[in-house]
Amino acid sequence: MATETTHHVAMTLSDHLPVLAILVPFVAAPLCVLLGSRSLTWPITFLASAASFVISFLLLLSVIDGGFISYHIGGWAPPLGIEYRVDAANAFVLFLVTGISTIVLPYARESVKSEIPERHHTLFYACFLLCLTGLLGVAVTGDAFNVFVFLEISSLSTYVLIAQGSYRDRRALTAAYDYLIMGTIGATFFVIGLGMLYMATGTLNMADLADRIADQGANRTVRAAFAFIVVGIGLKVAIYPLHLWLPNAYTYAPSAVTAFLAATATKVAVYVLMRFLFSVFQPSFLFEVNTLEFMIIPFAILAMFAASFIAIFQTDLKRLLAYSSIAQIGYMLLGIGLLNESGVAAAVAHLFNHGITKAVLFMGVGALVLRSGGSFFDRIEGMGKLMPWTSAAIVIGGLSLIGVPGTAGFLSKWLLVQGALEKGWWPIAILVVLSSLLAVIYVWRIVEAMYLRSPASDIEAKEAPLSMLVPIWIMALACIYFGFATDITLTASHTAAQGLLAGPVGLN
Amino acid sequence: MSGEFTWDFIVGHMNYWLFIVLMMTGLYIVVAKGNLVKKIVGLNIFQTSVFMLYISMGKVTGGTAPIFPADMNIDPDVVYSNPLPHVLILTAIVVGIATTSLGLALIVRIREEFGTIEEHEILDIEKAIAAAENKLHGEAMGGRA
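Protein chains in written order, with the numbering used here: chain H, 1 to 508; chain U, 509 to 653.
In short, the hints are calculated from the structure, not lab data. We treat Cβ as the ideally placed atom computed from N, Cα and C, and that holds for glycine. Treat each hint with caution, since some may be false.
What the hints assert, rightly or not - Here are some chain H residues pointing at chain U (derived, C-beta under 7 Å):
#, residue
1, Leu47
2, Phe145
3, Leu156
4, Thr188
5, Gly195
6, Leu421
7, Lys423
8, Trp425
To be verified - Distance ranges between label pairs, derived from CB positions:
#, chain 1, residue 1, chain 2, residue 2, range
9, H, Phe309, U, Ala638, 15 to 25 Å
10, H, Ile480, U, Tyr524, 33 to 43 Å
11, H, Ala224, U, Lys567, 27 to 37 Å
Take these sequences, add in the hints, and give me the full structure.
Next up, the structure:
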């Protein structure tokens with residue numbers, strides 16, 4: 001077979017890292033189910049996730065200087081074979097996803113125990129691993145159809161994970177069903193788009209697609225494919241008018257699942273959108289520039305204001321944070337729409353910063369739910385006194401959400417404002433600042449409820465268990481750390497942005 | 509792809525017309541029908557339409573099944589159809605089946621919890637739950653909710 005071309009064949013274990021990052025959780029998932037042992041499931045899940053995290057970290061280190069790793073599945077050379085291509089942009093996403101899952105898992109142990117009956121735990125963790133596999137696969141692959149397959153692996157397990165919230169609130173089932181319908185429509189739109197691209201170019205490898213689309217220019221098939229792909233991924237990203245599945249899904253899913261999904265799933269989808277906008281289709285096409293300027297940017301700004309505004313009036317903290325997520329996705333899309341290096345770097349940095357910020361907040365809310373029995377505002381009143389550590393972490397997360405200097409959220413918003421000013425679009429820079437003021441209002445509502453009110457009489461006064469506090473605080477400290485040690489995020493996001501905007505690199 | 513809307517154009521793109529009709533039928537059922545099972549049926553038709561698009565895409569005029577003879581003596585005059593889209597669709601069919609079975613399983617659970625699979629009845633029940641919650645938690649917060 002392809003053994004003649006020896007440089008395509010990976011020889012050492014370190015050459016296999018791109019595929020190992022996916023394989024470890026993928027093999028661990030059925031292992032959990034086959035062993036069927038409740039005591040072994042969690043350690044296996046955690047070890048698999050931690051191993052993936054280490055691998056992703058190694059991958060990030062090897063591509064941070066701007067190169068890329070091309071891995072050929074089964075030794076079959078692309079474009080015919082499936083290629084995994086790791087560069088700064090997706091190594092960063094891999095790092096985020098595996099990092100979040102590794103930190104959420106110790107937290108999940110306690111949280112899942114209280115929210116899901118014990119007989120379902122094995123299957124729950126297996127689904128969690130499959131979801132992780134899917135998200136990592138979407139990020140790592142360089143084959144367009146492979147994106148669809150991994151997207152569906154992650155989506156299908158996500159629907160199951162969300163439905164597990166039904167033991168606490170039966171509305172989780174309808175939330176999962178709605179997401180299933182919308183997610184499937186989105187994924188099918190994506191496949192239609194891919195089909196049209198295949199008709200026009202005869203290839204599915206992303207780098208090869210980019211070359212061939214650049215050669216033949218914009219024809220009607222390519223434009224239609226672009227529309228289908230953007231709408232399909234848009235449903236997964238929860239671009240403003242396509243966001244309807246998100247609030248219910250995040251509100252009724254188990255706390256650990258919400259923390260994991262909010263920090264990773266939409267972020268991976270944003271990454272796929274960037275990959276298709278910049279690496280497969282080129283921003284040099286007029287139709288793409290028009291789409292970004294007249295569709296993506298207005299909707300992003302609408303999301304920043306409308307979703308933040310809706311968030312202010314929520315009575316349920318979890319739902320408030322879900323709407324805030326939709327608004328934050330608006331910032332990422334705005335960065336993409338700016339189409340300059342600062343803007344795209346802002347999108348990549350915000351993807352990471354918002355991931356850790358939302359992980360703190362949703363984990364904190366999960367801890368409050370564990371102790372107070374609900375995430376409604378009247379249930380969390382006075383928690384600043386009863387659960388000082390959890391509440392303090394939530395405040396740090398809230399500050400990062402606003403973008404206060406010294407927190408991770410500041411950096412990406414600063415980049416975004418910089419990107420808008422570079423382009424001379426100063427009204428947009430003002431809008432970014434103004435919409436952050438809306439975030440001040442809803443974060444203040446949380447602070448007010450937790451610190452300035454007395455707790456409800458029937459709530460037991462107890463801090464969250466250590467196994468939950470430690471992950472929450474690792475993330476909270478990460479929010480502060482990445483607010484001061486800005487070099488890491490800046491370097492990685494600028495390298496990623498340069499790589500994305502450089503256009504097609506072609507097959508090696 | 510010229511804009512001439514001739515008879516040849518219509519007949520020559522028959523597979524695309526069928527794809528569009530099926531796709532729109534499926535999407536319409538998903539949007540318009542209130543019964544959860546019917547929505548899944550619509551989703552299935554929608555997905556099947558995409559299978560049709562891919563499979564017809566792989567057909568080469570005069571092409572036969574892409575199976576090489578056992579002795580690998582390939583006659584260069586024989587035209588083969590493109591097998592790649594067909595293989596892709598095998599994967600997509602598996603995904604479709606998984607989606608359908610998960611959707612149906614969710615419907616079973618919804619029926620157990622809500623006692624109905626009609627969308628408007630479920631929405632009424634959810635509205636009632638939300639109203640009760642707002643009353644309970646809103647009053648506890650001094651009507652500020």
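field: Satisfaction of the hinted span 15 to 25 Å by the C-beta atoms belonging to Phe309 of chain H and Ala638 of chain U
entry: holds, 20 Å
query: Hint check: is the beta carbon of Trp425 of chain H less than 7 Å from a beta carbon of chain U?
result: Because about 36 Å separates Trp425 of chain H from the closest Cβ in chain U, which is outside the 7 Å limit, the hint is violated.
query: Hey, does the Lys423 of chain H contact hint survive, CB to chain U under 7 Å?
result: Since the shortest Cβ distance to chain U is 35 Å, the answer is violated.
- prompt: Falls inside 27 to 37 Å, the C-beta gap from Ala224 of chain H to Lys567 of chain U?
  reply: About 20 Å separates the Cβ atoms of Ala224 of chain H and Lys567 of chain U, which means 27 to 37 Å is violated.
Interface hint for Leu421 of chain H, Cβ within 7 Å of any Cβ on chain U: Violated, about 39 Å.
field: Agreement of hint Thr188 of chain H with chain U interface, Cβ distance less than 7 Å
entry: OK, holds: Thr188 of chain H within 7 Å of chain U, min 6 Å.
message: Hint validation: Leu47 of chain H versus chain U, beta carbon distance must be below 7 Å. Holds or violated?
response: violated, 27 Å
message: Given Gly195 of chain H as an interface hint, is its Cβ closer than 7 Å to any Cβ of chain U?
response: holds, 5 Å
query: With a cut-off of 7 Å, does the beta carbon of Phe145 of chain H approach a beta carbon of chain U closely enough for the hint to hold?
result: Since chain U brings a Cβ to about 6 Å from Phe145 of chain H, closer than 7 Å, the hint holds.
field: Interface hint status, Leu156 of chain H versus chain U (Cβ within 7 Å)
entry: holds, 6 Å
Ile480 of chain H paired with Tyr524 of chain U, Cβ distance criterion 33 to 43 Å: violated, 56 Å
When held up to the earlier numbered hints, the structure conflicts with 1, 6, 7, 8, 10, 11 and fits the remainder.
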